[in-house]
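There are 2 protein chains.
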Amino acid sequence: MAKKFVYLFDEGRADMKEILGGKGANLAEMTRAGLPVPPGFTISTEACTAFYNAGQTITADIQQQIDTALAELEKRVGKKLGDPANPLLVSVRSGAVFSMPGMMDTILNLGLNDETVKGLAELTGNPRFAYDCYRRFIQMFSNVVLGVDHYQFEHILDHIKEARGVKQDPDLTAEDWQEAIVRFKELVRKETKADFPEDPLVQLDRAIRAVFLSWNNQRAFVYRRINKIPDDLGTAVNVQMMVFGNMGDDSGTGVAFTRNPSTGEKVLYGEFLINAQGEDVVAGIRTPQPIAALQNVMPEIFEQFKEISTRLESHYRDMQDIEFTVERGKLYMLQTRNGKRTAHAAVKIAVDLVHEGVITKEEAILRVDPDGLDQLLHRRIDPAAKMNVIAKGLPASPGAASGQVVFDADLADKLANEGKKVILVRPETTPEDIHGMVAAQGIVTSRGGMTSHAAVVARGMGKPCICGCESLRIDLRAKQFTIDEYLVKEGDWISIDGGTGRVLLGQVPLIDPILSSEFKQLLDWADEIRKIEVRANADNPEDSLKAREFGAEGIGLCRTEHMFMAVDRVPIVQEMILAETDQERQIALDKLLPMQQADFEGILSAMEGLPVTIRLLDPPLHEFLPNLEELLVEITKLRMQENSDPELIREKENLLRKVRALHEFNPMLGHRGCRLGMTFPEIYAMQVVAIFKATATLREKGIDARPEVMIPLVGHVNELRIMRELVVEKATQVMEETGSSFDFKIGTMIEIPRAALTADEIATEADFFSFGTNDLTQTTFGFSRDDAEGKFLHQYVHHKILPDNPFAVLDQSGVGKLIEMSERLGRGVKPDLKLGICGEHGGEKSSIEFCYKTGLNYVSCSPFRVPIARLAAAQATIKNPQRNK
Amino acid sequence: MAKKFVYLFDEGRADMKEILGGKGANLAEMTRAGLPVPPGFTISTEACTAFYNAGQTITADIQQQIDTALAELEKRVGKKLGDPANPLLVSVRSGAVFSMPGMMDTILNLGLNDETVKGLAELTGNPRFAYDCYRRFIQMFSNVVLGVDHYQFEHILDHIKEARGVKQDPDLTAEDWQEAIVRFKELVRKETKADFPEDPLVQLDRAIRAVFLSWNNQRAFVYRRINKIPDDLGTAVNVQMMVFGNMGDDSGTGVAFTRNPSTGEKVLYGEFLINAQGEDVVAGIRTPQPIAALQNVMPEIFEQFKEISTRLESHYRDMQDIEFTVERGKLYMLQTRNGKRTAHAAVKIAVDLVHEGVITKEEAILRVDPDGLDQLLHRRIDPAAKMNVIAKGLPASPGAASGQVVFDADLADKLANEGKKVILVRPETTPEDIHGMVAAQGIVTSRGGMTSHAAVVARGMGKPCICGCESLRIDLRAKQFTIDEYLVKEGDWISIDGGTGRVLLGQVPLIDPILSSEFKQLLDWADEIRKIEVRANADNPEDSLKAREFGAEGIGLCRTEHMFMAVDRVPIVQEMILAETDQERQIALDKLLPMQQADFEGILSAMEGLPVTIRLLDPPLHEFLPNLEELLVEITKLRMQENSDPELIREKENLLRKVRALHEFNPMLGHRGCRLGMTFPEIYAMQVVAIFKATATLREKGIDARPEVMIPLVGHVNELRIMRELVVEKATQVMEETGSSFDFKIGTMIEIPRAALTADEIATEADFFSFGTNDLTQTTFGFSRDDAEGKFLHQYVHHKILPDNPFAVLDQSGVGKLIEMSERLGRGVKPDLKLGICGEHGGEKSSIEFCYKTGLNYVSCSPFRVPIARLAAAQATIKNPQRNK
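Listed in order, the protein sequences are those of chains A and B.
Start counting the first sequence at 423; every next residue gets the next number (the working numbering).
Start counting the second sequence at 423; every next residue gets the next number (the working numbering).
No lab work stands behind these hints, which were simulated from the structure alone.
Please read these numbers as outputs of a predicted model, since none were measured by experiment.
The beta-carbon is built from N, C-alpha and C at its ideal position, and this holds for glycine as well.
Warning: the hint list may mix true and false statements.
What the hints assert, rightly or not - In silico SDA-like links for lysine to any residue, alpha-carbon gap of 25 angstroms or less:
{"#": "1", "chain 1": "B", "residue 1": "K1239", "chain 2": "A", "residue 2": "T1058"}
{"#": "2", "chain 1": "A", "residue 1": "K843", "chain 2": "A", "residue 2": "V910"}
{"#": "3", "chain 1": "A", "residue 1": "K901", "chain 2": "A", "residue 2": "D914"}
{"#": "4", "chain 1": "A", "residue 1": "K1074", "chain 2": "B", "residue 2": "E892"}
{"#": "5", "chain 1": "A", "residue 1": "K901", "chain 2": "B", "residue 2": "E1069"}
{"#": "6", "chain 1": "A", "residue 1": "K901", "chain 2": "A", "residue 2": "E964"}
What the hints assert, rightly or not - Cβ-to-Cβ under 10 angstroms is the rule here; a few derived chain B residues that face chain A:
{"#": "7", "residue": "E494"}
{"#": "8", "residue": "E496"}
{"#": "9", "residue": "N1140"}
{"#": "10", "residue": "F1205"}
{"#": "11", "residue": "H1221"}
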């Protein structure tokens, strides 16, 4: 038997997508389900491949199968292609395995010619409709098949409208369309040196070839390259009887969802138009009626449609987005697909479907995109609002806010105390601005990247922030900023969307986060299923409590430097850094000790019974000192002024010398992390004593504090060995002094390549590894995030030189290899080594799946991403039943 | 048979070092060779282990063997321990497997007591000598065995000398020593509550135990930890008859080398003293005579010594450093070892020994330390010169120079043109200083590290340079600098040693490099043997020619940015960078093209017939722009001045804005390398066209130009793929335009971890990989070299947290793992992939051996290190006969 290349709709099935393409398989599935689908047939993707293999020729074998299918179609519908009395009109559409919307070609109303159009006019009693169909067909066919530019037809129509003194298509008459058709054909003859093909069989043949050829047009090719779709799949061709919703008041067309796609409520949701075609709904010239009204207009049709909708939803086991047409009292289903929905609706629908017994919990979990949850957790801009976007910066911390612009932290603080909403706008922020950041609704900076001070602090506060908004020119002296032609002064309102980086002029309505019962239900199911812990990154008791509320099972990263940056501590920290002697330094450290201890008591207490991983001081010390450039300008000014105090100049020069001595060419690769602990062990000693004193104090109160001390930036096992000795020594000392006894763990960040490469050595001194994938990505790629994102990374991602921004989505083939190596080497010498991730990737779904597959024990992310991570972790668990351990 | 723990000297051999220790094996070897060695025996390292295993007890078994050996010794020498008539005196010395100089204990003159000392006095007819020996023994034994502090004995001696009114030991008489002995014994009794042991057998027993125990004293323990010597080896104990060179004019002592250790000349070289002990030679109170003079004083002894020396040299097959003593007309050999020698002598001796048929070429090659060659290739400070070192900076470029201090490049240039020698001293250098650097004898900077502008340029020029000399406080306005209390003004003389980083006050004599015929011979042999190519890093025709002269087989790294930094080009480069439009940029590039073409013609022509690997532009563009800080100060000043031209301010502010826009937080990880090529393809296009036009031009002249285009900083294969397409396109274009046809290669640096981790992907687009181990070390460790070396790396190396400075010696367990991975992954997909290294490690011996073992095809280093690399490569080849391919 010859290979089958052409399938009538009732010969196919949903699972034949590879042969029939997505659309063909779907039409077949509906047809087999007994739904009223306009009949037709699908020419398979294999026929497309055969077409190319035969040198762009439809082989006789395939041609014969097409002819047979067409004959069967004509027989079933009782119409014939080219029959002037009762003409069959068909659509010819592409349908690839993977959806490539708008990339390939479609031809409607095929089968019309000078004869059949008359039959159609007579049959419908609507010549205007018939000639309109015909001229549309000529336009579409000429463009797609014959390559005549679209605008040339529009040109002719404009001429006719001008001559008639009308403006819009609906004002043209049947006669006008007839004239258009004549002139269209003249145009085709002129352009192609041939007559427009009148023979419907020739029309069909050429349309099928055109669809096959469109598989390799430029835009399809580029689309496939971007979306990584193989070039050799080919497209199927669907030939289907045309139906018309514009054949009178017994006809109509509409679209409907089986549930409300905004809220998820279980009720038919959609709209329809009587005596109209699908494109009329889209064009928006007439206002459609809500779908419920169909009950009054066409009660039988409505009941039939409702019944079919229910069947479709049960059949596909998901909310459906359905297109239908009624032709002279007969309902036709044109398309059904899983409907797009808001995150809120997605959650409700998934949970409801479980409760209705349609899907399992696992399926429900897989149905919801974790990324979508973000909008449920943050205030956001009402999508319906009118937006005047004036700039775009880096989306440094999600959420939306409106407020009056202020340019300094003190004023922000003052106005907020007066009950005003403010947005703090600064070139960049420093520790001195913290109180202003606390007071503001949101923060915008013109300099700095995703890891700048503003970004890190704002994310910690869960406050909207846009960084590196370089088009914004701030004039601090004039208290205003300009963006292109816009001038914004202090007190003017702006709005920001920290999730997209958009800055908007004026105030816009905001939508508060929605935390429905279904949302909580879904996350509870996720917790039942997932086999990887979720912790949070939090630096203070408030964030810790928030994290716990969001379901965090511990703190994966508590950064101690943010405690150093509190406005009342910076002077003491500076005193410590600028100390000339060990003694002076110790005096400053002794002042910091009780403050740090109080910090840790708060956090450990908030996380009672759960582990808290505390990272010792990480950033280079110069981050706590005055800015070198500002100091330089200040000194220059002092020198130029005649009446400057020479003592002050000397003092400032002295400070400059120290700042310069600590200045680094590449701070990211400088004197930071455990390198500080190695050269200034007294600083780490103070922190460790504070951690253990806090633990002892809490234990005494019966609070189960569980500290884990984390040493950052280890590159050689000797660093960890020496730091471990220090931690153990201080723990012993505190236990002896307090008479308390407690457990604790000591581990390290794996955040530079050498640590991963020598993980077997490092594991001997570590109870746990925590992958600091922010820094690990920077060092593995040799990118500084602050520099890359503003300068070339955007271009890299845009042009697909890199598949994703590696700071957002873990680079599995590079950075991931180091993580796998660490797991293998580390567990090779210490099988119970605990592994976690605390970079920002810990809250990103594909990265979480990678972590799960690689055998990590936990992921840790910012508090607001904990729910996302819980869901993603459950998805990873479901998708990888056979993970390595 | 019981296990043997004690060996008479004639029972051992040189290859029994593990059992007998180094000293014991050597004494045994000399004894077996029939040399007149004072007889004795060795208690093995295994006895030491047994001693510790038995709870610090000498087992009966071992004690018996000691007794037997002692009896045999007494029999052979005809003296008896404790015999007042003819007393045997012995030394008891430690002797570990690995030399641990000064770490463990030694006791001389053991066997003396109140009785035997009289016998000694009588036998020698020299009571003063006898009592001096005795008091020395008491001092040494009491200190080592009984733990009485040394200073207490010195105190007694001071008292006696004071009482006698004399100042020095030689002024004391036999009676004085007798008094000292009495008082020494009183001291011992008081301190130890016991009498000084008079029984020589007890003395011996306690001395042996003390030596065993000294294996675990604190300093030995620390020494082993630093030098990675296992703690369980134990030490042997050597008991040997004492001989005395101070028994009259028929006695004497001396040291001699079998060849001149400075020049390598084959002639006995050394000195001796009549009637003296070894320590008298060291003390320098009497002036020794040259060894040749021994011929006149003791002609027979001299002949015997000469003959023995010759035998020792043939026996050990190397130049020997020999200690001898003549006791009453009898020659004793006390020690022989391979003599230390200068690099110059090492080369001559090795080559001479081959010519003499003593050793093979391979042995000769292994005998010379490649590191030592460095001093032969550079001018250096005469070691005999008096040096006043006032500061120490980073040894940025080797070689020595003296000159007058100047603080700006223009003046340096001017004075050099007047024939003066100058040293350029700057806070840091920029491209604007190049002419001053060319003019200067050497360069000193107070800021910046081993990869700073000054360091890189100076190394390229082969000019001495010291960087990051932070103790140097430069006052450019006053034209002077201070270091501690020293003030140096413009025009003062200083000297610098770029190999050690030392800055010296004043002018010092310099020694020119020595390139002997033996040196050339040795390198010729190295070339015959080595199986890995040696190339040079050179950026201009002069350096290329120098490299070729030194034996380079190609250029492994030609950095094109140095061409951009030429003083006449910087303005054009700035024009290119600051261009507002593509058109403006192209105009600047068009000006640069012929200049670059000329550069490449020069280099390719100098390296005719050899490959030249040209790296496209690598540094971030802001390196070519004015310094941001300076600009900031300038603008602040302009603003403060009342009569400033507002137009000038605007212009400068505009420039500042651009400099700021290009400014980077971490330039090392910023917009550089192929990231420039990706975002500004026109720059790379210009460079590539220049390379290929140069190639075509030279080919036309019949010159065999062999360019290899190298793309820097690739992290993802897509970068290399796109850059490769650009290079191929331009090559094709140039070939079409010129009608020429030529071969070329396209490869990449592997200098960031991700490139190594994905080397299999990257190899598909590369003809070669060149490991840029400077950057690879920085990114693998997460260190910025410029920051690390000044701030914490020194401490890391000093405290052995890292075994070596990873920028000097390749870190095999971290960075090396990435290199091995690249080799495996790269050759896995492309077996003929060419691999090389062009980081500074390419000139370091252990790194070269690693490269050879890993299967690299070549190493590339600075021209002056090429001879070192040739020798090291030969050594690697000899040491690894079974390398992986």
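Here is what the structure says about each hint:
1. Among the hinted pairs, K1239 of chain B with T1058 of chain A is inconsistent with the structure: their alpha-carbon atoms are about 50 angstroms apart, more than 25 angstroms.
2. Between K843 of chain A and V910 of chain A the alpha-carbon distance is near 16 angstroms, which keeps this suggested pair within the 25 angstroms criterion.
3. A C-alpha spacing of about 11 angstroms is found between K901 of chain A and D914 of chain A, which places the hinted pair at or below 25 angstroms, so the restraint holds.
4. With a CA separation close to 20 angstroms, the supplied pair K1074 of chain A and E892 of chain B stays within the 25 angstroms bound.
5. Straight-line distance between C-alpha atoms of K901 of chain A and E1069 of chain B comes to about 24 angstroms, which keeps the hinted pair within the 25 angstroms bound.
6. At roughly 33 angstroms between alpha-carbon atoms, K901 of chain A and E964 of chain A are farther apart than 25 angstroms, so this suggested pair is violated.
7. Evaluation of the E494 of chain B hint against chain A yields a violated restraint, the C-beta minimum of about 50 angstroms exceeding 10 angstroms.
8. Hint status for E496 of chain B: violated, given a least beta-carbon distance of 52 angstroms to chain A, over 10 angstroms.
9. A distance limit of 10 angstroms between C-beta atoms decides the matter here; for N1140 of chain B the minimum to chain A is near 5 angstroms, and the interface restraint holds.
10. Interface restraint check for F1205 of chain B: the shortest CB-CB distance to chain A comes to about 6 angstroms, inside 10 angstroms, so the restraint holds.
11. Contact between H1221 of chain B and chain A, as hinted, is supported at the beta carbon level, the nearest pair being about 9 angstroms apart and thus within 10 angstroms.
Hints 1, 6, 7 and 8, counting from the list given before, are not met by this structure.
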